Amino acid sequence: SDGWSARNLVSDGNELEVEGTISIQPKANPVNGFDDYFLQLTPKNNFRNPWFIEYWEAYFKCKWPNSQATPFNQFYKRNCNGNERMSYENGYEPEKQLQFVSDAVLAFGYAFKAMHKELCNGERGLCNQMLPIDGTLLLKYLKKVHFVGLSGDRFQFTKNGDGPVRYNLIHFKQIEPGVFQWINVGTYEGERLNLDLNKVQFHYSSDEIPVSVCSLPCNKGQAKKYIEGENCCWHCFDCTKYQILIGETRCSDCPNGFLPDEEKLNCIQIPEEYVKADSLIAIFAIGFSSIGILFTLYVIYVFLRYIDTPVVRASGRELSFVLLIGLIMCFSLTFILLLKPSDIVCGIQQLSIGISFALIYSAILTQSNRIYRIFTSGKKTAKRPNFISPKSQLIICFTLVLIQLIFLLLWFAFSPPKAINLYLKREDNQLICSSNVTDSYFIAFIYPILLIIICTVYAILTRKIPEAFNESKHIGFTMYTTCIIWLAFVPIYFTTKTNITLNLTTMSIAINFSATVTLICLFTPKIYIILLHPERNVRQSLMPFTKYGSLRKQCSSVPTNSTFKTELVVQSN
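Using the working numbering, you'd call the opening residue of the sequence shown number 242 and step up by one each time.
Simulated from the structure, these hints should not be mistaken for laboratory data.
Bear in mind the structure is a predicted one, so any value in this text is a computation, not a measurement.
Ideal Cβ placement from N, Cα and C applies to all residues, glycine included.
Take every hint as true, because none was put in to throw you off.
With beta-carbon atoms standing in for the labels, derived distance ranges:
1. His476 - Tyr296: 43 to 51 Å
2. Val452 - Gln315: 40 to 48 Å
3. Val698 - Ile566: 22 to 30 Å
4. Gly254 - Glu417: 14 to 22 Å
5. Leu506 - Lys337: 47 to 55 Å
6. Asn249 - Gln315: 21 to 29 Å
7. Pro312 - Lys354: 37 to 45 Å
8. Ile450 - Glu256: 13 to 21 Å
9. Pro458 - Leu500: 20 to 28 Å
Calculated cross-link-like contacts (lysine-lysine; reagent style PhoX-like; alpha-carbon spacing at most 20 Å):
10. Lys738 - Lys581
11. Lys482 - Lys466
12. Lys358 - Lys381
13. Lys659 - Lys738
14. Lys384 - Lys400
15. Lys738 - Lys666
16. Lys482 - Lys666
17. Lys465 - Lys482
18. Lys517 - Lys659
19. Lys354 - Lys384
20. Lys385 - Lys354
21. Lys304 - Lys318
22. Lys268 - Lys440
23. Lys268 - Lys337
24. Lys358 - Lys384
25. Lys381 - Lys354
26. Lys385 - Lys358
27. Lys400 - Lys385
28. Lys581 - Lys517
29. Lys581 - Lys659
30. Lys304 - Lys285
31. Lys461 - Lys482
Based on the provided sequences and hints, a complete structural model is requested.
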């Protein structure tokens, strides 16, 4: 502050504390002639200043005769005689701010002069127009004054009513051990700063520049909390891990799926995570599915090549191809489940799961029902059962599939497939189908599970059919194994819900296992006979009486056309 800078009253006894201070003083030049005038003053010739005797006593450390007692002169033992003389040699130091006093007096003088000239028309002294003095009117003239003062500097008020902007920058430094001094290190005039940093020395024994602020700048990711009533002082507090800095004083949470950048200034989106085909478990599922598709295509090729042979004809060619198409769809589901989720992809996934299983188990159910009705009917009547022709079987099968399709379309109408972002943890941004979260995937399995249960019931009902008619046993084993697979899959699916990759891959593997069991149990025995034992691939209308005598009696009256036959009976080796 210019109120105490360069004043010994402040620095005396506090030199080490004041050392290094840089302060400002209004810039002032000596008033010409003032020192000559002031140095010739004594109490004998300066009666108009009531404080001059007190100043004289303090300057010469003496007491003026008959002067008023003060807290200072009572300690002076010597009397002043008036013959003392002030000089530079005995400690006189002129007041550096006298220019402002002289400029202030001259400013009023020039203002009164301009006011008198305008109002009094040359009349000497104060005219009636100036009495009494109007302060507001005087201020108008005062703001307009401009002159060269006694110091030689030009004076003029600024637009804001301030005097000329002129400051000295002064610095309190230790120039040698134990010796301190205020020195001028720069100026500020108008809007120009001139500072000689080479003269600045904050500590005699160190060149380090000290930190002298109320508060240091906050670190990255910190907000300011201003101290009440202070604009330059604050406390810094950390924004949390998931917050960014808004302005300087507020932290704001990033929305889900976003994290702060390194500067804690912007929220950046977390890369979306979804099941990718390059994960180890996904590669296993893809490999499994690919092998299943190739093997299914091979079975289709063999069936097409030997389509008119007894084994293929007796197995129900039409339903077998429907079943094989369903198996290819099941194996292909892995690739669909590993696609990047979108509304369309999610819909395809849900539709494919429902339709593929409906195709497989509708075909198996139709075939199981055909076997059951043939042998049940054969015990009661010689009349050929209804709806056992290939065309009827296909109509029944596709009707069952149509029920699933209608069910799925109604489901889509009430709950459209949708890809959503899931935030299991604050750092997560998983892109998944909404059905994974709501477990509505299992809606697609409701109807196939019903078909599996009915097929399993038929497998139990046809378990006592003679050994040669082993198609029912193959179906039974398929259904028992399928039930075991899905009973194992359901708890695994629900316990892996927090790991979407493992969850979907588990579903894919369960689907592949179900398709594989069906493929192996129902088609491997037929491929085995067709390729490795063609001698068994012959038609035998009746079973050996020695082994199946009771059955021959039951079936001898039943028509023996190929559409009625449920299974090829092969001769024993």
